[in-house]
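Number of protein chains: 2
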Amino acid sequence: MTIAQQQHLILSRHEVSYHDLTLFKQTDGSPIAFLGRGTAAIDMYRGNFDIKDNLQTKIPLTITDEQVAEDDITLTLGFDGRDYLSLNFTIDSHDRLQVTPTLLIDGWNRLWLRLTAQSDEKVYGAGEQLSYFNLRGHHFPLWSSEPGIGRNKHTLTTFQADQNHAGGDYYTTNYPEATFVSTQHYFCHVESYTYADFDFQNDDYHELQFWGVPTKLVFDQAPTYLELATKLTALMGRNANLPTWTDNGIILGLQGGTQRVNDLKNKLQAHDVQIAGLWCQDWEGIRMTSFGKRLFWDWRADERLYPHLTDQIQAWQQDGIQFLGYINPYIANDAESFQAAAAKGYFAQTQDGGVYLVDFGEFHCGVVDFTNPDAFEWFKGIIKHQLIDAGITGWMADFGEYLPTDVVLYDHSDPLMMHNKWPVLWAQCNYEAVQESGKADQLMYFMRAGAAGSQKYTPLLWAGDQSVNWSQDDGLISTVPAALSSGIIGNSLSHSDIGGYTSLYGNVRSKELFMRWAEMAAFTPIMRSHEGNRPDQNFQVYEDDEAIDHLAQYTKVFKRLTAYRRAVIAEAAHRGLPAQWPLFMHYEDDAHAYDVQDEFLFGSDLLVAPVSQPNQTSWSVYLPDDQWVHLWSGRPYTGGTHTVPAPLGEIPVFYRKDSAFADLFQQIGASK
Amino acid sequence: MTIAQQQHLILSRHEVSYHDLTLFKQTDGSPIAFLGRGTAAIDMYRGNFDIKDNLQTKIPLTITDEQVAEDDITLTLGFDGRDYLSLNFTIDSHDRLQVTPTLLIDGWNRLWLRLTAQSDEKVYGAGEQLSYFNLRGHHFPLWSSEPGIGRNKHTLTTFQADQNHAGGDYYTTNYPEATFVSTQHYFCHVESYTYADFDFQNDDYHELQFWGVPTKLVFDQAPTYLELATKLTALMGRNANLPTWTDNGIILGLQGGTQRVNDLKNKLQAHDVQIAGLWCQDWEGIRMTSFGKRLFWDWRADERLYPHLTDQIQAWQQDGIQFLGYINPYIANDAESFQAAAAKGYFAQTQDGGVYLVDFGEFHCGVVDFTNPDAFEWFKGIIKHQLIDAGITGWMADFGEYLPTDVVLYDHSDPLMMHNKWPVLWAQCNYEAVQESGKADQLMYFMRAGAAGSQKYTPLLWAGDQSVNWSQDDGLISTVPAALSSGIIGNSLSHSDIGGYTSLYGNVRSKELFMRWAEMAAFTPIMRSHEGNRPDQNFQVYEDDEAIDHLAQYTKVFKRLTAYRRAVIAEAAHRGLPAQWPLFMHYEDDAHAYDVQDEFLFGSDLLVAPVSQPNQTSWSVYLPDDQWVHLWSGRPYTGGTHTVPAPLGEIPVFYRKDSAFADLFQQIGASK
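In order, the protein sequences belong to chains A and B. Residue 566 in the UniProt record's numbering sits at position 566 of the first sequence, and the numbers go up by one each step. Residue 511 in the UniProt record's numbering sits at position 511 of the second sequence, and the numbers go up by one each step.
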């Protein structure tokens, strides 16, 4: 057994340690790697996937050879007398550990790697995870998809949605990523976009499964989670950037054409609602389906609904209000631009060379093939010319998860390998459009789909489609683990649809849900409302004076928070910190903080505990050990679990007494 | 490549054929065997199991050597240069093919074998299967358990039951068996009781997975399914035997003590209901739980409910009515006999040497350890002395599926290997008690749990607990595939609880359900009613005069059918034919018949098409090509799909015009 004494990397008795952290350890009972051969069986139904593996072969590998040099270790692993895999460990110039697996024999398409774990260790990340923030004790298939409606096999909503393959599960997400952060103070980022499954169920190891062989795994360590966030974003990229107009108030999600939008804007303004923008996802027109109003996917202004839109946008801007639109990376096959684009080969194809049409529920679309450079440029051009040049200064860049696994792509990549990457190609298209427009400081876009690289290419996430209810896995409170998990892996800015989106299977948005959601949103990077998928059947703020007044109050709170929020965004931009921190990120010694996923810190100085059940006049809040001030009452609190008054209109929020912004907070609390 | 020209067994180009039937064929894309190593994770919750495999290793094996002798072929199989498994093929003295797998290297506990299949082939059996009769297109885990409540993940009942781990699925069954019959006119019986999974999803092969290495696989062929049934039962055993008193009418399931039972018996007799027996499952006393009335598991007559039971039984017998009881292979830990039995080591133990207590829902039981010869004799003695000697001439021998996988058994067998076998040890205990009593011709017992060997040790099955509803997977009609599948693998006699049993999750038995069920039961080997798990909340026949009269009619039909039914039972006893045949067993050339699982032939001459939905006055019936006579009307029908009148009271039944029993049928039809 070779012992290598290196500054950072040690191999001792089948154990690889990095900065005193044992990461790989072969024992009799537990190998560090397995290889396998399988055939994936993947069915897609409107962005929901049924995935099975036909596993033919799986072999456990044991170390047969060890080569050690300065900051460089290579393990050779074999099974029953033959060598199959080498693992190379090196330290790069940034002092990170790079682990590179190399097949020694071809034909293997499944790899399992086991990282050493401690029984009390917790892990976070793996993309945007809506059910569990601490991932330990569960396994997480990583495959970009619809997140599901209900997302919990024990709820009736999920059961009903599952009749249409749409229920989802605790792990389904628009944004899976093979990256996680451990309470052992390291992060692990795997360069791989294949289907994967991160299994954190075992006390002694984390088992990472890949349908393919990753390029490499990258590890880094830091004494604090704050520094770890900075290191992680140094690797993955940072793009936290919001134009200052977003500070002006709420982005109102409205539809129905200029006339209607104006009427509603005026009504809300009459109640002093602070409005930053009007977001009209139907700017390009609509179609009706059984799901509800669907947008017409051909990305140009609809002259009937929004006549002379560019002029109208200028008028709104003079009023201090921006206009936001919508786009996604598909084109409806009855859209005007479809035929020409198809003829130029801009869409992903079927085996027979025709356009692959994806069923989105009563209409079909071509998938813009981002592996085709011309298609990529063409679609970037659409964003630049049909959105940005038209005066649109923000948009929802929706979807990205629906790449079927049997398409034929321009560059002949395996769609199984491209599926999880697709969102980041889509993000990059938006990113370049913004960069090339020359107006980057005025523009913003937000995405739900993501992948490794979103940290760089997506300035703002939104938590996707929640059900318009109070459920843990798919309602209001699920937006918190969503923000915390995407944030801890480097996506600093996230927000959500105020009031949720999906009204199906008996779920209907209540006034109270909207109001509680708005209260929470004021303490996130962006306030934005959504009429939902069935506007006429769900509560809309503009229908109710009390709700409008409540919204006015909270948009003012949001506006007054600008200086603080800008500081938070700056930390995100420069240090890669998330805007919404898990409690433990600040209070590392607080054991309980590691289990909290229904509260967050907005920046370092505000603790937000959203009320996530109806009919509450008080709420139980956990405060880490510090000196806190209850925002609305000014009352002091110390650490511990407290029942605080929380009537509708008063979301439990606390600021740190010694915050540099204490005066600002005190004024905000007093003025509501 | 060796070519062996044998009379029966041929090896040619990696293909083993038996009587011109290719059974094993190695191709590039498809090996005939895989070995693996896994660790089972099995949780039991009241007889419902959650089973996962932690599969560490799986290797595909290819043929490395072939040895051929007279009627004897041995294939050696290996992976990557090493040999792991040999498969020996021989023809035995009965002209059966025996395939014996032998490990060449220790430490493998997973075996997959692939049998060659034809794309249009269908397969049946695999124990008692309640959802699918033709098994092709699905896979079937084989593990004895509660069958589930709902048994279909798309039904609300199942969803609700799953909140308590109790929903089950299409494959969950009290009686799994590694035996099936193919439309290629062969059967395959595997000598193995381990957890298995029979996967019939692939067009080109059947993949049989075992958690262990079976002793052997046995195949036989025959030109007709009737002859195949005879051959299969020649191998497995036959025990079709019902005392003649069962012909006297219905066995009434009643509870509540002698007084109540007598009152109800008298009431029904006043309406001329023909009664063969009184089945009082509470003869040993009851306890109340949230599930409903539960029986008190200490197998002796309860003096308060049934005082002087032996004398009372004699009185009933003089009236021509037998008394039936109930027993299962557990003892409640608050039962009188528990302590002494525990002290003698009669119960399965925990790792620490204490009695392993199984939770049955608000009470706990010891598991009688049948691997302990003294315990086996002791419990047999209970049946002989406390049931048979007491005058009981029939009983429900319930349960058998709940052997936990972490018990310690007297003979130190691995409970993982004993779990599926346990029902047949339980059956054998009953069987020997009956044989040793000297009164075998007067006695009968019926079981729901089963295993390979039930064919020999269990004279009569019942289809377990149905929900009191019309559902496909767990209601009235599920008793048909149950009878057909258990029948085709050699369990000739089956029946069901008239009206079903489980009233939970909103399911309540209706009068109509009871009546339709009784109509069906008259054309099965036994009519027996059950009050269900919640008698007070569910329809009982004795509450309603119309239902009583309807039952009287049908018990008379049953009684009048005696000569025919006896002939059917004789065929079962002598030729191993099931009493309830699938249509294709008689009509081999009828392609559609192979897909019918909601009709059956009772013997060769009666076709029964139960009405399995409420509110029907007519019913669609498929008749194979023959000359049929509608029983009630005397109208002639030929083959095809017909809509026939089927008002409540007239289950669609047809007899073959040229039946030797045509006159009897004609009289029965006319006299109702």
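Be a bit skeptical, because a hint or two may be false.
Identical copies carry no separate label here, and so any pair may be met within one copy or between two of them.
As the list claims (entries may be wrong) - Distance condition first, Cα-Cα at most 30 Å in a straight line; then the derived DSSO-like pairs of lysine-lysine:
#1 LYS267 with LYS657
#2 LYS559 with LYS153
#3 LYS657 with LYS265
#4 LYS267 with LYS511
#5 LYS439 with LYS672
#6 LYS380 with LYS657
#7 LYS52 with LYS122
#8 LYS52 with LYS153
#9 LYS559 with LYS672
#10 LYS52 with LYS265
#11 LYS556 with LYS657
#12 LYS25 with LYS153
#13 LYS439 with LYS657
#14 LYS456 with LYS265
#15 LYS25 with LYS267
#16 LYS511 with LYS456
#17 LYS344 with LYS556
#18 LYS122 with LYS556
#19 LYS511 with LYS216
#20 LYS265 with LYS231
#21 LYS556 with LYS25
#22 LYS439 with LYS52
#23 LYS122 with LYS384
#24 LYS267 with LYS52
Since the hints were made in silico from the structure, they are not lab data.
For each hint, the structure was consulted:
1. Proximity of LYS267 and LYS657 under a CA criterion of 30 Å is satisfied in neither setting, with 38 Å inside one chain copy and 82 Å between copies.
2. In the homo-oligomer, the alpha carbons of LYS559 and LYS153 never lie at most 30 Å apart, since the shortest distance is 40 Å inside one protomer and 49 Å across protomers.
3. Proximity of LYS657 and LYS265 under a CA criterion of 30 Å is satisfied in neither setting, with 38 Å inside one chain copy and 82 Å between copies.
4. Proximity of LYS267 to LYS511 under the C-alpha cut-off of 30 Å is restricted to the intra-copy arrangement: shortest distance 18 Å within a copy versus 60 Å between copies.
5. In this homomeric assembly, LYS439 and LYS672 never come within 30 Å of each other (Cα to Cα): the closest approach is 35 Å inside a single copy and 90 Å across copies.
6. Neither within a single protomer nor between protomers do LYS380 and LYS657 lie at most 30 Å apart by alpha-carbon distance, with minima of 47 Å and 78 Å respectively.
7. Proximity of LYS52 to LYS122 under the C-alpha cut-off of 30 Å is found in both arrangements, the shortest distances being 28 Å within a copy and 24 Å between copies.
8. Both within a single protomer and between protomers do LYS52 and LYS153 lie at most 30 Å apart by alpha-carbon distance, with minima of 18 Å and 18 Å respectively.
9. Within a single copy, LYS559 and LYS672 get their C-alpha atoms as close as 12 Å, which meets the 30 Å cut-off; across copies the closest is 85 Å, which misses it.
10. For the homomeric pair LYS52 and LYS265, neither the shortest alpha-carbon distance inside one copy (49 Å) nor that between copies (56 Å) is at most 30 Å.
11. Taking the shortest Cα distances, LYS556 and LYS657 sit within 30 Å of each other inside one copy (22 Å), while across copies they are farther apart (88 Å).
12. Taking identical chains as interchangeable, the C-alpha atoms of LYS25 and LYS153 are never at most 30 Å apart, the minima being 36 Å within one chain and 41 Å between chains.
13. Taking CA atoms no more than 30 Å apart as the test, LYS439 paired with LYS657 passes in neither setting, with 39 Å inside one copy and 89 Å between copies.
14. Proximity of LYS456 to LYS265 under the C-alpha cut-off of 30 Å is found in neither arrangement, the shortest distances being 34 Å within a copy and 81 Å between copies.
15. Taking the closest pair of Cα atoms, LYS25 and LYS267 never come within 30 Å of each other, the shortest separation being 65 Å inside a single copy and 76 Å across copies.
16. Neither within a single protomer nor between protomers do LYS511 and LYS456 lie at most 30 Å apart by alpha-carbon distance, with minima of 37 Å and 67 Å respectively.
17. Taking the closest pair of Cα atoms, LYS344 and LYS556 never come within 30 Å of each other, the shortest separation being 50 Å inside a single copy and 79 Å across copies.
18. In this assembly of identical chains, LYS122 and LYS556 lie within 30 Å of each other by CA distance neither inside one copy nor across copies; the values are 38 Å within and 70 Å between.
19. Taking the closest pair of Cα atoms, LYS511 and LYS216 never come within 30 Å of each other, the shortest separation being 49 Å inside a single copy and 67 Å across copies.
20. For a Cα distance limit of 30 Å, the shortest separation of LYS265 from LYS231 qualifies neither inside one copy, at 43 Å, nor across copies, at 83 Å.
21. Proximity of LYS556 to LYS25 under the C-alpha cut-off of 30 Å is found in neither arrangement, the shortest distances being 55 Å within a copy and 75 Å between copies.
22. In this assembly of identical chains, the alpha carbons of LYS439 and LYS52 never lie at most 30 Å apart, being 46 Å within a copy and 55 Å across copies at closest.
23. Taking the shortest alpha-carbon separations for LYS122 and LYS384, neither the intra-copy value of 43 Å nor the inter-copy value of 59 Å comes in at or below 30 Å.
24. When the C-alpha separation of LYS267 and LYS52 is checked against a cutoff of 30 Å, the pair qualifies neither within a copy, at 52 Å, nor between copies, at 58 Å.
Of the hints listed earlier, those the structure fails to meet are numbers 1, 2, 3, 5, 6, 10, 12, 13, 14, 15, 16, 17, 18, 19, 20, 21, 22, 23 and 24, in rising order.
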